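> Between the sequences and the hints, there should be enough to build the whole structure, so can you do that?
For the record, the sequence lines run as chains A, B, C and D.
The numbering of the first sequence is my numbering, which starts it at 121 and goes up by one.
The numbering of the second sequence is my numbering, which starts it at 121 and goes up by one.
The numbering of the third sequence is my numbering, which starts it at 121 and goes up by one.
The numbering of the fourth sequence is my numbering, which starts it at 121 and goes up by one.
Be aware that a few hints might be false.
The list treats identical chains as one, so a pair stands whether inside a single copy or across any two.
[Claimed, not checked] Cross-link-like lysine to any residue pairs, in silico, SDA-like; alpha carbons within 25 Å at most: (1) Lys392 x Asn418; (2) Lys122 x His148; (3) Lys392 x Val150; (4) Lys392 x Asn417; (5) Lys122 x Tyr152.
Source of the hints: derived by calculation from the structure; they are not laboratory data.
None of the values given here were measured: they were computed from a predicted structure.
Protein chains: 4
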Amino acid sequence: MKIYFDSDYTAGAHPQVLARLAETNLLHTVGYGCDSFTDRAKELIRQACGCPTAEVHLLVGGTQTNATVIDGLLARHQGVLAAESGHINVHEAGAIEATGHKVLTLPSHDGKVLATEVEEYIRNFYADDTYQHMVAPGMLYISQPTELGTVYTRAELEAISEVCHAAHIPLYIDGARMGYGLAATEGDLALADIARLADVFYIGGTKVGALFGEAVVVTNPALLRNFFPLIKQHGALLAKGRLLGVQFEALFADGLYFQIGCQAVRLAQRLKKAFVERGYTPFVNSPTNQQFFRLPNNVVDHLLTGASFEFWGPRGLTHSDVRFVTSWATTDSDIDQLVALLDSVPQNK
Amino acid sequence: MKIYFDSDYTAGAHPQVLARLAETNLLHTVGYGCDSFTDRAKELIRQACGCPTAEVHLLVGGTQTNATVIDGLLARHQGVLAAESGHINVHEAGAIEATGHKVLTLPSHDGKVLATEVEEYIRNFYADDTYQHMVAPGMLYISQPTELGTVYTRAELEAISEVCHAAHIPLYIDGARMGYGLAATEGDLALADIARLADVFYIGGTKVGALFGEAVVVTNPALLRNFFPLIKQHGALLAKGRLLGVQFEALFADGLYFQIGCQAVRLAQRLKKAFVERGYTPFVNSPTNQQFFRLPNNVVDHLLTGASFEFWGPRGLTHSDVRFVTSWATTDSDIDQLVALLDSVPQNK
Amino acid sequence: MKIYFDSDYTAGAHPQVLARLAETNLLHTVGYGCDSFTDRAKELIRQACGCPTAEVHLLVGGTQTNATVIDGLLARHQGVLAAESGHINVHEAGAIEATGHKVLTLPSHDGKVLATEVEEYIRNFYADDTYQHMVAPGMLYISQPTELGTVYTRAELEAISEVCHAAHIPLYIDGARMGYGLAATEGDLALADIARLADVFYIGGTKVGALFGEAVVVTNPALLRNFFPLIKQHGALLAKGRLLGVQFEALFADGLYFQIGCQAVRLAQRLKKAFVERGYTPFVNSPTNQQFFRLPNNVVDHLLTGASFEFWGPRGLTHSDVRFVTSWATTDSDIDQLVALLDSVPQNK
Amino acid sequence: MKIYFDSDYTAGAHPQVLARLAETNLLHTVGYGCDSFTDRAKELIRQACGCPTAEVHLLVGGTQTNATVIDGLLARHQGVLAAESGHINVHEAGAIEATGHKVLTLPSHDGKVLATEVEEYIRNFYADDTYQHMVAPGMLYISQPTELGTVYTRAELEAISEVCHAAHIPLYIDGARMGYGLAATEGDLALADIARLADVFYIGGTKVGALFGEAVVVTNPALLRNFFPLIKQHGALLAKGRLLGVQFEALFADGLYFQIGCQAVRLAQRLKKAFVERGYTPFVNSPTNQQFFRLPNNVVDHLLTGASFEFWGPRGLTHSDVRFVTSWATTDSDIDQLVALLDSVPQNK
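Below, the structure written as structure tokens:
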């Protein structure tokens, strides 16, 4: 049987999440997220963040969430700072620009931005006599973990948060894979830290056990007044909003969200260790559920006979960059099978 | 136990739809709608429409679908014609304008537009010397059934289609409640007619048995080239796209979609008959699953003791406009209970 | 020699304005409106408005000004209220919608809106349970004088201003023909009243003696912070900004702007009187420089032999609606000639 | 008397241009560019370009022109390729993004892009499996001369044009300073070459002798159908459109446009030679009317006592980057004075 490491959204929902959807399926509730499941989910998320005053909004997908939040945070003359590798700059088909805002790029350090470079960008911007002819940096977007699986440390995030707040621009964190970041083997950032340091962030459900769904946490609600009509305007308001409430309630009622993260990261680290022990070096050192290796093409071809995973960039002449991702649906047996495949690569090719 | 007539999205999915989601939950598929469930769902929809060359796209919600399709169909200097009562003009929080396009309004005749008035609008527009300073009518949006539950007849739709095509503008049909329109007691429009007469339309899943999902059918694919990146840009691309495929496969494999429509319309007509027999006249004569009555407030208050339904407009001083909606989740027993309530209104108030 | 009543922008600039452009042509100044001519023009405008704290911005054209100001005043989820006949709703090619905002229409009473109807719109909006799904009225746009040449009285504008401020939405006045409104034979609104009652308005130059140029007066600057980059973003920033400064300085240094208005309105009223004395009734009773008559087609045809003017709507079967406009370039002799033409219409046709 | 090298838009219009505006000031014409001056100007421009089938549109300013043209050329899912230093990417306050389109950046080689790098970008884009999630390169924007005064050679432009057309994307050239590019000491590109190789380009008037105005030349009109309403929608339609016609007629009737370019470039090269002979090296080798030097701050300070010019970037600790620009208003005497200043820098500082 084939084993899957393509992404963390190849299977459906964690069985406990699906079970709750089934249990509640016949109940009637009001629409658009005004139901009691959604209320409870929001309260559980506030508790998990240690932020009782936060506003929580449940949206359907990541690109949609980024576009809606960023549109809400920026004034018309402002753009959003982001790493050149940031999802909003690369893989959202221009959703940010479609709402009228420029993505202002910063160098990517394995997916991360440096507080010093954020500060420098803003300082240089206002030092330029012609800055009123340019797009003003109106907020900072970062991902935790990043698109390359790396994580910010608490010290790094504190420095970034300080720079943003000194410049009076909000800090927004894309947490599409937040659960895996919280479980990172090298990270030291808890959800409460993130809630303390960011103005807005989202806790990804789609990639961490839900069928779909992203929970936007607004710790500084003054920045996002009138967000409800904006959600509707962006086509991000689910009619049967309780589906989001039910899922996030299931994920946060008993810590399931965190267990999923831990399990997937543990398996990803097993996978990494196996490759490293066999002499392969990851080209990004990721402490989360994504693992990146440049492998000889004969190894890649052999692995593909029993496993599925992504080319990260086009296939090279002799080697190729590939990515392995674990999720709630990955098992120890999947890792065992992959390692067995790795150990059976024919020598002469 | 309370009975619900608030809307057709107060419960979850039809049990058969949910069952298919559960059965397929652990399978791994590629994302973004490139999976085989989605392929099969598209093929079934093409068959149901009698249009083997149509392109089908599965999106999540109605406002999102309208905004994405209309954005794709219009050139920058064009707007979309719609009835003043059209969903895009009233209840989508400006989603169409947010993508840069004006909604050009036509009179609403119980939710419908007249072919003659469409033709007149276009003729007057180009007769005006200053038309290049005005927003050109670039397409027509109608709903079938309309927001008021009424339906276009085949003759009406043929006339509208003819006017649009003579003017070289596409006809787009919002079918959020398409299933109930196809089952209308007075209508004569089959899905194949709609496919033949419209350039683009969507078959609503959210309100007709799915958890969520709308199937866009493009019978004239030349009009919507490069639609995939536009779906992504609009935040309308579901990562676990197979969820849409699985649901629409369940709805169209054995005619479930049509059965849901028939059942809900039958119950709505029972409801209407009961009110009419008791001397109440609907303020819109709807042959579908929505029923509209202006009721004395004492009747409204009594019904509210056991039933839930919507005020259609604000509560009046002596009477109020209310709406009753049936869905796949409505039963004969629900209607029985509502009728019993109606028969037990206290006489002296 | 032909006489022209087509519009108030058929000739170039008032000779005094052009003379100042010629006198200052060889001087070097900094660009983008940071020059001393612009400073002086702004100060003169502030004085004319009796509002020393107002911010003044000089833009090039009317549609551009409306789009930039409205974009600056509205939040993303808001639209702009306007009369159905308002220039932004009809003749700006969707410029407002192109920036993402809906124009919410009110009935037009000879081009004007009623304070009571503005209040009613806002009240009904928030009384609707689903208002968060609809476009919120975020400001009011009116024209003074209107597109039909009519003017608001002081009492009317006070009532409108009060309604807007009670609802916490700004009042914006399109003054493309402001000079003619100030000179209206029936009006009682001075520039200082307008500055007192509106939050933002503009004083039109293009139609009142300048080659081009509109002066935006922001009496409530907190509403339009960061307007400069927005002007640039809208392509409304003139490189040689001093051209605007020089022209508005010429118009406001010695009251030229007001003289132009008075002269053109006096001539328009002579024209109206002549038509009325000959039995023709204006279909709008305009006290400003635009005059509207429905004339028999034989009269129209005869007038066209020596004069030029606009059809206001398409030519009818027996009569046609036409418009006569005076400007700084109209003379008493032009009116004499038109009246002579009117007196020489052949009787049998 | 101070001498000015700040920019090419510090003075008014070339006297011959202004004279024509004065001569024609009292004539009445129809508005919005439908007058005969505009017709003649367009015909003269077509002749100058050797392209009798080109469509010509006269707009007011450069940012406005770029935003309108690019908005017209791109489909909603596309972005515009440009050098990182391109005006649209840096100094237009996000005008391109405000219309919903991403600026996709290429490396800048002294302001120019390389055909090979354009080709590589496009090839890599479509080689990426996820390209449908990314912004498609829908056109190429270049400047001739560039923002750094450099020019493309005919061979370079031919290669670029070939790459664009092989990829089926239009080539658009920003010619804000076209007149100076045509007169470049090192260039070999005539207007007819540009018309032959580009799909759309504009001939800048604002910086080359006009009060304002940019002439858009569309050599491939199928790409920009319905451009008129788009001009209006962008607020770029001048009511007294003949002002643009009169100016461009004056510039192109007797070769004035080309004379202005030659004169200014000759003076700029005198300036460059003087600096080079005194041991200063330009940090960009510009053959046009902009000259860039990194000078010791004591030299800068001394020059500022009698001349005005721009800091190109912030003032450094010991040296600063400065820019000198000539225009139609620069004279040999201005250069003499600047050289005299340069020769009188005090030695000990």
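> If a hint holds in the structure, say so; if it does not, say that too.
Taking the hints in turn, this is what the structure says about them:
1. Lys392 x Asn418: within (19 Å within a copy, 59 Å between copies)
2. Lys122 x His148: between (40 Å within a copy, 10 Å between copies)
3. Lys392 x Val150: The answer is between: 23 Å across copies meets 25 Å, while 46 Å in one copy does not.
4. Lys392 x Asn417: within (18 Å within a copy, 56 Å between copies)
5. Lys122 x Tyr152: between (39 Å within a copy, 20 Å between copies)
In this structure, every one of the numbered hints holds.
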